[in-house]
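**Q** Now for the letters of each chain:
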Amino acid sequence: MHPDDMEALRGIFRTEARELLMGMERAILMLESTQDPEVLKGLFRAVHTLKGNCLMMGFPDASELVHSVEDLLQMFVARTLPASASVVTLLLQSVDALRMLLGVPGEGRVAADVDPAVIQGRLMQTARAGGTAGEPPVLGKVRGVLPEALGELPAPERTLRVGLDRLDRLLDLTGEIAISRGRLTAMLEQAERHSPAELLEAHQETDRLYLDLQELVLKARLVPIGRAFQPFARTLWELGAATGKQVRLETGGEDVEVDTTVVELIRDPLTHLVRNAVDHGIELPGVRQARGKPPTGTLRIHARQEAGAIVVQVSDDGVGLNRERILQKARATGLLGPNEERDDAELFQLIFAPGFSTAERITELSGRGIGMDVVWRNIEMLRGSISIETREGAGTSFTLRLPLTLSIIEGFCVGVGEDTYVLPLENVFECVELPLEERGTGATGLLHLRGHALPYLRLREHFAAEGPRPERESVVIVGHGRDFRAGLAVDSLLGQAQTVIKPLSKLFQHLPGLSGSAILGTGRVALVLDVSSLLRSLLPRPFIRVA
Amino acid sequence: MSSSSSSSSSSATTLSQYLSFFLEDEEYALGILQVKEIIEYSAVTRIPGAPPWLRGVTNLRGSVLPVVDLAVKLGLPPGKVSRRACIVVVEGVLRGEKIVMGLLIDTIGQVLDFTPEELEPLPAFGTPIPIDFLTGMGRVGSKFVLLLDIGRILGSQELQVAEALRTTDPAFERLSKRGLP
Chain U
1 MHPDDMEALR GIFRTEAREL LMGMERAILM LESTQDPEVL KGLFRAVHTL
51 KGNCLMMGFP DASELVHSVE DLLQMFVART LPASASVVTL LLQSVDALRM
101 LLGVPGEGRV AADVDPAVIQ GRLMQTARAG GTAGEPPVLG KVRGVLPEAL
151 GELPAPERTL RVGLDRLDRL LDLTGEIAIS RGRLTAMLEQ AERHSPAELL
201 EAHQETDRLY LDLQELVLKA RLVPIGRAFQ PFARTLWELG AATGKQVRLE
251 TGGEDVEVDT TVVELIRDPL THLVRNAVDH GIELPGVRQA RGKPPTGTLR
301 IHARQEAGAI VVQVSDDGVG LNRERILQKA RATGLLGPNE ERDDAELFQL
351 IFAPGFSTAE RITELSGRGI GMDVVWRNIE MLRGSISIET REGAGTSFTL
401 RLPLTLSIIE GFCVGVGEDT YVLPLENVFE CVELPLEERG TGATGLLHLR
451 GHALPYLRLR EHFAAEGPRP ERESVVIVGH GRDFRAGLAV DSLLGQAQTV
501 IKPLSKLFQH LPGLSGSAIL GTGRVALVLD VSSLLRSLLP RPFIRVA
Chain D
1 MSSSSSSSSS SATTLSQYLS FFLEDEEYAL GILQVKEIIE YSAVTRIPGA
51 PPWLRGVTNL RGSVLPVVDL AVKLGLPPGK VSRRACIVVV EGVLRGEKIV
101 MGLLIDTIGQ VLDFTPEELE PLPAFGTPIP IDFLTGMGRV GSKFVLLLDI
151 GRILGSQELQ VAEALRTTDP AFERLSKRGL P
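Quick mapping for you: the protein sequence lines, in order, are chains U and D.
Position 270 of the first sequence, counting from 1, maps to 270 under full-length UniProt numbering, and the rest follow consecutively.
Position 142 of the second sequence, counting from 1, maps to 142 under full-length UniProt numbering, and the rest follow consecutively.
This is chain D alone, in the form it adopts within the complex (with noise of 0.2 Å):
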């Protein structure tokens, strides 16, 4: 499975399959070869000190699955766990090696097959979230869905880790603080 995913050229001459669900009342979209599948949301432990992205840790069938605050990630509101909430479970790349992560989001929508022409390129601004997490939009009707860079959104947590770990490491604050010429 890719999960590199600036894949806005390749699509542009295939029949692509999305699956959409909802965060904020607003509806997304991943490809539909980087869900590897869906689960209920179920108690997720909360791992302290870790970034608030990080939701915690799920048990997937006996192996521990970090699951992400999707609405975080992409600057919105933190998640609203209701009834309906649900874990998308994906493959990111972290330092060169595959991790098999769970997305939280609100409500899971459907599968949608986009034609070439529902295919729209992205507009320079006005997206609720940074243009950077996006690969582009999907028209349904008379509305557009924004289809998720998934790529992009999680390759850009290494940083963020490593941001959090300098201000949660006393040690190695108390040496970097020092400074050496």
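For reference, chain U alone in the conformation it holds in the complex (with noise of 0.2 Å):
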């Protein structure tokens, strides 16, 4: 076979393996708490095939360890051995062994430092002596070597699964646009024969599909972001287990579709978070019934879709931030003067910044201050904002907003200058005449609408742009959510349009204000401004609620 052969299937293994690691994992995870045999022939299948899979493709050490986990998983259904924490342990530090030995990452984890050599032993160990496992080894102890042939991998391709259905929906509608093209094509070859109105109308109907085709095609791009939620289940495990608390998981909306680049995205944040309040949140069960909770704390990550936006909720019902202590930090630290007061909203935004932490030891989970910092430059990245919620030993509930990276939407267009900008309608509330005597040259201004003083912001001015000023100016008014008013002064508005948002440059994605760029009729392009953004790089905090 051609080494470039091999090397393709050997990609298509991986994608395979790594999906199959995936699903071993959860199901190690559930064994404990289920009885399902569903689970464990599921789990079955999935080793069963990983090791054929294995043999095939000439991994022979990763196969033989499939091979003994597999007798491990053997002594389950013969009931011989029960799924202890420590078996359990074994298993899940098997498919990181794995990972490792077939250059699979991890998923959202740092790869963990395991011997395959050893892990092979004690499995075997634990299979003879009939589940009397002793302890497992340490996570992280011994460091493992990747096998040379693996030294050096490609980058993993960037795959994505399309449901079947999908496709063939779009196979059925290109179909479609060949024979209405083939009409139109005819019906031209013969105009004279036709009325400019019947020509317009075959026209328009190829559009219509035409459009069809854009919206599949874009959505085939979507995929349920509960795939960025998966693994945080091991993750509560292990820091369950690290740190003696005891965690529910509780997910919701995990259907909701989002771009692939949003799951790929998220997921540091996610992490971030979650090992925060496992760490800095959730309390000892001990302390948590003395507190009359129950035993067990809860985190739930929650998905859900706004107009236009992603919101994603990660809350834990644990002591909640402290106020008292953030301020003493704060001011330890010098981020505040001594005797600096700040409201809520401000005082927890400090905890985004760099170094910023009030645990009293550094832990191998947090207090090291780089968290949340990571958490906000990722968001920020996004072009997202968070929001804090907070109630002293009830809990602490981040929300992050992420709008929608790659879709169409709904547009309002506006000339600024010689550039047209494009405003996502959501964010449009009306637009309004400037009054005379507000034209000048300022870049901002107040406007008095209906009795009250309203900020607005010339673009012009803001983005510096050229050509002559116009005879007249309107406002329009774009807000985000139910929060914030503000104006846009603009030179001309354009109405109303659908739009294909298409990402900016990697070289253009931290200029804020902006959220990509629209390829006009005209075959410009024009600029698709993130409200969101541009409002907050005026006012003086971002968009942080505090209830």
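A portion of the hints provided could be inaccurate.
[Stated by the list, open to error] Derived DSSO-like pairs: lysine-lysine, alpha-carbon spacing no greater than 27 Å straight-line:
id, chain 1, residue 1, chain 2, residue 2
1, D, K80, U, K506
2, U, K219, U, K506
3, U, K506, D, K98
4, U, K219, D, K98
5, D, K36, U, K506
It is worth saying that the hints were derived from the structure and are not from the lab.
These numbers come from a predicted model, not from an experiment.
Each of the two chains sits in its own frame; use the hints to bring them together as a complex.
**A** And the structure:
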């Protein structure tokens, strides 16, 4: 076989192995709590498939390891081995070892340092001993070495699974477009027999199909966000074991569909929030009981879709943020002056500062004050916003609001200088003409709207646009959710249009106020404004609301 | 297509092809394998807040192409856009990922074939642009054409974007200004 073909085969094998391992991990975690024979059967199938694949693709070590896992599972079936915590740990470590042997990335976790040979020995020993497994090796003690052959892995190909029915719809639609186009061509060849209205109608028919196709193609990129939540079952299990805390994971809204990039980018912030919640939020079982709470804490990760945005909420029912301690720490580190006061919203914002931590000691989990900074940065990068709600003693909830990165939006086009900008229609509330007395050159101003003073931003000045100043200016009243209203003064209102958002190049990814670009009917590129980040760059503090 | 282009050592042994173009009446050239295509300059949309060497974005058959003002990038006065202005589409690497971008140039020159003897090493100083951005010089008759190291030129962008970020992001500024021990 040609080496390239072999490499391609291995690529497919790795993608498959990655999914199998993820499934195994999930099933192993369920072993402890469920008696459902289907879980065990499913696990068996996954293990068996993996063993066959490993052998075929030339990973004898991995196949041997899988074989030992299979032996152990056999004992579960025969009920000679109970699913004790130590056996579950051992099985989870086997999954890590397999990931390493096969060169498959771990799911959002730092690759564990495990020595496959040690795991292999332990598995066989456990199987021989008939379940009296002794203490499994501690994670992180032995450092494994990647086999030579896997030293230089090619970057994994970015792939996406698309439902076959979606693909079929795409195919159907392409067929319909072909027919419709043929009809249009036939009509145009004998254009004199048809009225312009008929031709236009035929064209619009094709056009409609084409828009359907466009929408479907975009939808093909969408995946359920639940894929980003899956690894946390294991994370929580491990954190619980490490801290002696009992935490139950509750997830919701896994089927909310988001662009595949969101799933990739949201993993890190979520990991930090989950670790923080367990380490700082949720109390030890004894403490919880003393406070009249159930001994097992609950961590909820919930996703939902709100107009044009994905909202992901991570909440715990732990101690909540300690206002006093944050204030003290902020004063001690010089973030605030010795007698400086802040309202809750601004104070809690400080926990996102790099290096800020109120933990008394640094644990393996957290306390270095890096995590929240990472959360902040990543969410900023996705042009999202974070809000914190907390009640002392009752828990904390972080709400991440992420804009849809790639989609068709209803847009509202405005002209500024020589350029056209697109505002997401859901951010646009109304349009008014700028009163004569406000006509000027300032970058900002105040507008009287039905008895209220409304701040506005002149985009022409803000963006330093070129071109002659217009005769009249209009103000678009924009907002974000219920909380914010502001005006954007523009040269002209161009009206509503469906817009396909295209992500801007990586080069422009950090510019505040822009969320993407769209290609106009004229072939020019228009920029799509991100209203919330545009307003945020003007307002003294970001969107942080405290209950 | 290779985008790392410290190719002066390898090009010394083979016949190499370059595409030349003009900036400020000076002739520069790029390894021909680094050029994806050449398009006419039209309708570049300015990006507010972007650093000056980023001219904007344009529509390349339905995808959005960032356009770099090569002159500014090389430390020359900003490129004039005449009727003969073109965009040379090249591939660069940013944070380990390939990105396609356009270079704005004054006019396209020609395709040059250099034998190893016609390639000269760089002088210690005296070039109109920083020596870091060059891989060598090619002799055409009595004149010299400066050979650009596109990997270096575009590779230096990452830092500059980060710099631009620092000054435009108030949230970041606020947090960093207060400083933490």
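**Q** Output the indices of the hints that this structure fails to meet, ascending.
**A** none
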